[in-house]
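Line by line, the protein sequences are chains R and U. Throughout the first sequence, residue numbering follows our numbering, covering 17 to 518 in sequence. Throughout the second sequence, residue numbering follows our numbering, covering 17 to 518 in sequence.
For the record, the hints were derived by calculation from the structure and aren't laboratory data. Remember, predicted model here, so these are calculated numbers, not experimental data. The reader is advised that the hints may include incorrect statements.
For chains that are exact copies, the list does not tell them apart, and a pair is met inside one copy or across any two.
[Claimed, not checked] Straight-line Cα separation of at most 27 Å, DSSO-like style, residue types lysine-lysine; simulated pairs:
1. Lys502 x Lys65
2. Lys395 x Lys51
3. Lys51 x Lys97
4. Lys357 x Lys472
Protein chains: 2
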Amino acid sequence: MSTSVFKEYMNGHVHHEEADIYESDGTLFLTEAFKVIVEEILHKGTDIKQKVCQWTEPDQLRSLLDLELREHGESHEQLLKRVQDVARYSVKTCHPRFFNQLFAGVDYHALTGRLLTETLNTSQYTYEVAPVFVLMEEEVLCKLRSLVGWSEGDGIFCPGGSVSNMYAMDTARYWAFPNVKTQGLWAIPRLAIFTSQQSHYSMKKAAAFLGIGTENVFIVKADEMGSMIPEDLEAKIVQAKSQDAVPFFVNATAGTTVQGAFDPLNHIADISERNGIWMHVDAAWGGSVLFSEKHRHLVSGLERANSVTWNPHKMLLAGLQCSVVLFRDTTNLLMHCHSAKATYLFQQDKFYDTSLDTGDKSIQCGRKVDCLKLWLMWKAIGSHGLAERVDNAFSLARYLVEEMEKRPNFKLVSKRQFVNVCFWYIPPSLRGKENSPDYQKRLSKVAPTIKERMMKCGTMMVGYQPMEGYVNFFRMVVVSPRLTTKDMDFILDEIERLGNDL
Amino acid sequence: MSTSVFKEYMNGHVHHEEADIYESDGTLFLTEAFKVIVEEILHKGTDIKQKVCQWTEPDQLRSLLDLELREHGESHEQLLKRVQDVARYSVKTCHPRFFNQLFAGVDYHALTGRLLTETLNTSQYTYEVAPVFVLMEEEVLCKLRSLVGWSEGDGIFCPGGSVSNMYAMDTARYWAFPNVKTQGLWAIPRLAIFTSQQSHYSMKKAAAFLGIGTENVFIVKADEMGSMIPEDLEAKIVQAKSQDAVPFFVNATAGTTVQGAFDPLNHIADISERNGIWMHVDAAWGGSVLFSEKHRHLVSGLERANSVTWNPHKMLLAGLQCSVVLFRDTTNLLMHCHSAKATYLFQQDKFYDTSLDTGDKSIQCGRKVDCLKLWLMWKAIGSHGLAERVDNAFSLARYLVEEMEKRPNFKLVSKRQFVNVCFWYIPPSLRGKENSPDYQKRLSKVAPTIKERMMKCGTMMVGYQPMEGYVNFFRMVVVSPRLTTKDMDFILDEIERLGNDL
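Build out the structure end to end from the sequences listed, making use of the hints.
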């Protein structure tokens with residue numbers, strides 16, 4: 017759209033007496049920038065003929081972006097160019113060939129919700145200041161809980177899955193020892209946390225941040241597919257008790273970060289119940305299977321958990337960040353654990369029902385509105401559409417594995433449970449050399465080299481990592497609903513192309 | 017702009033072979049919704065002839081919004097109506113008469129940065145996936161530190177000031193007792209935190225969350241203006257030591273939430289240094305005075321702190337959320353304290369300088385990009401423009417106090433240091449009745465009643481609260497740069513109008 021069309025549009029506003037230069041200039045800039053955003057990110061950025069990323073060395077990028085902040089401001093045109101530069105040099109996570117993280121793609125309704133959220137610029141603490149969002153959060157949490165299998169309960173939107181996991185851990189600690197809130201950990205026995213070796217690193221971060229200490233996280237063994245071995249959980253509970261530590265928190269994972277493994281939830285629930293331990297499920301990645309009739313069996317037993325972390329910003333494409341922690345508890349534990357009753361914010365003599373001022377459940381004061389993007393997307397495509405999104409990702413992952421099995425240059429690391437496909441590319445020089453003494457060492461260098469080449473070509477982005485007992489391998493994750501089997505074929509072809517001289 | 021114009025605009029995209037129905041329908045919706053957002057929020061929402069809020073009872077609002085999430089999706093038109101409804105029933109925090117929180121107004125460049133951030137949808141953990149933002153965060157933090165007075169140091173953007181304060185507390189704890197990270201609080205002596213009675217409630221939330229306990233927060237007395245009394249800090253340190261608690265963290269406040277008071281930083285720094293205690297300054301609200309030559313003396317001594325919290329989303333209008341915690345430390349304490357070295361994300365064999373992968377400093381895994389909105393706004397108006405914004409707010413607050421002193425119906429609670437103006441409105445029935453036995457009780461009901469009326473009229477929003485020794489009073493805060501003395505006059509007139517029958 018030309019600038020003149022936008023100006024004309026803006027002129028329509030001038031009849032309002034209060035419209036001032038500030039507002040009309042501001043809106044004009046915003047509108048022109050919006051055009052750049054649509055063109056550079058949503059249009060070019062989703063076009064497979066364009067690059068996923070424009071790799072630039074840090075020093076060069078620093079100078080291209082002219083990052084320095086100065087005494088005086090810049091012109092409209094100069095600022096629009098800055099918008100363009102930021103868009104141009106940023107990775108296009110909405111590009112169909114972006115597979116680097118557990119988020120990807122773009123949902124236009126969710127994005128609309130996000131722009132609306134940003135423009136409304138409010139904080140999710142009281143009904144007074146965020147009436148729509150207080151009620152909307154309540155509704156969305158209720159619906160997510162019902163998918164877990166709970167007709168009642170509690171929950172909160174958090175800035176990411178790691179923080180959601182922290183909430184669960186803190187609430188569990190308060191449930192076990194309520195005096196910890198006032199007296200601290202010195203007043204209670206040493207605590208023990210249990211999580212599998214394949215679980216997310218946020219468990220250790222949480223243990224450190226909450227003052228429990230990383231050494232009080234007992235690491236439970238996982239099987240080859242990445243699922244927790246329940247027998248080892250029992251052994252680790254016995255071990256902790258023998259060290260006079262009190263087991264209070266078991267973290268099971270539904271969809272591990274690397275392999276996409278699901279822990280056996282019913283078995284873990286049995287053990288947790290028997291030992292009187294709070295069971296949390298980190299379903300940040302895998303929770304979305306709840307939408308799918310076909311795949312929800314993977315989280316069978318989830319309803320027996322005390323708390324669940326779930327990130328709709330991953331597989332559902334709600335956009336960063338959209339993470340919830342849900343609680344089965346109906347005794348207002350979340351509020352009791354976190355409230356500080358600030359009188360300047362949570363006045364009790366307000367003229368409306370102050371139970372709607374839910375902000376005191378939070379460890380934050382101001383809290384971003386994260387429910388609208390999910391709500392609007394859900395309204396747009398329904399539970400049915402979200403289920404299709406999940407089922408489609410599974411189908412493509414299955415296809416990818418099948419195709420990989422047809423090609424001798426690819427070797428799977430482990431059996432697939434979810435949409436993560438972990439594999440090695442075996443380059444020509446290593447084929448048939450499995451028994452060479454330096455095979456593993458040489459194989460470990462293949463993924464980083466191919467990764468460097470794909471970044472520099474900008475054709476796609478796929479992550480790699482080592483894992484205990486395994487040298488560097490690729491992890492492909494299928495998330496975006498726009499993908500087709502053609503994209504899966506492309507990935508295999510492209511890795512072969514990038515690695516065929518190795 | 018008419019739908020046809022937008023369609024024409026979209027048609028320009030059709031020559032790209034890969035443009036598909038999904039993208040063009042999606043962009044069309046987004047573009048039409050953008051038009052609604054501009055009209056309802058930025059245009060009507062900033063017009064003083066329109067309401068700040070459309071007060072609606074919760075049950076009525078629930079039904080108006082039709083919040084329920086269903087099996088099937090909705091039409092384009094229906095969804096656009098939903099965007100309109102969300103905008104309509106939300107509080108317009110960008111309205112010139114919104115004074116309810118420590119944020120208000122709208123900066124169009126910051127908002128542009130936010131829309132760009134949302135559309136790019138990335139996470140601030142590695143150079144690989146967020147090259148522009150890793151470098152930009154570095155630059156913005158460096159510039160903010162230089163305003164504090166530090167040529168070196170560290171820092172991170174956090175989801176709000178409460179979390180920033182938590183980072184400071186956790187880092188201080190690790191600095192004092194590094195083994196706490198692995199062994200937990202059981203391995204170290206009971207800790208003591210010091211903060212004034214006027215400080216933000218996040219100190220207590222942090223103490224609880226970090227496992228230290230709220231009773232280990234020693235509350236230091238403040239004077240009538242709201243500033244910490246240093247002699248009482250010394251007394252409280254002695255008291256803590258006598259209870260075998262180890263003082264490790266003093267929180268001074270630069271700009272208290274209610275009164276806008278500044279603690280005497282140099283005096284507190286002397287005491288902290290003498291006792292070997294980490295000094296943190298919660299300058300979430302007041303930090304922005306650093307831009308102003310005229311007012312930066314209020315934070316004299318800030319450079320002696322070990323860490324500083326500062327929220328550019330408040331007085332600078334960067335938009336929610338934009339909060340940083342800055343550190344004077346140059347030993348990589350932040351990273352040592354929080355790192356978990358996840359191999360799937362922070363691979364050490366990458367082809368670029370992995371010191372740019374700063375995400376392991378964070379307690380989060382995915383972390384929202386919060387630097388762009390501040391950077392773009394800063395580029396747009398320069399340090400000079402930001403300074404003007406601060407100075408303007410001070411001028412208006414001074415004007416408001418002067419006008420209040422001319423009107424016998426208003427009584428100031430305490431002397432003004434910053435842009436917070438705390439006052440009672442004395443309605444006709446209470447004038448000259450200061451000595452009545454029920455005067456305080458009756459006065460305490462005035463602010464809530466007027467607040468209810470202003471919300472229901474929708475003419476403005478101003479917060480009220482009680483404070484130790486004081487019954488409910490209003491707190492006016494001047495933030496938005498669009499305000500004039502006319503707006504200040506309006507507030508006084510409107511409160512008189514709303515309360516003249518009380």
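**Message:** When Cα atoms must be at most 27 Å apart, do Lys395 and Lys51 count as within-copy, between-copy, both, or neither?
**Reply:** Close inside one copy (26 Å) and across copies (20 Å); limit 27 Å.
**Request:** Please work out whether the CA atoms of Lys51 and Lys97 approach to 27 Å or closer within one copy, between two copies, in both situations, or in neither?
**Result:** Both ways: Lys51 and Lys97 sit 12 Å apart in one copy and 23 Å across, limit 27 Å.
**Within, between, both or neither, where Lys502 and Lys65 count as close if Cα-Cα is 27 Å or less** = So Lys502 and Lys65 pass the 27 Å test inside one copy only (14 Å; across, 55 Å).
**Request:** Could you figure out if Lys357 and Lys472 sit no more than 27 Å apart (CA to CA) within one copy, between two copies, both or neither?
**Result:** This pair counts as between: shortest inter-copy Cα distance 25 Å, intra-copy 53 Å.
Consistency note: the structure conflicts with none of the earlier hints.
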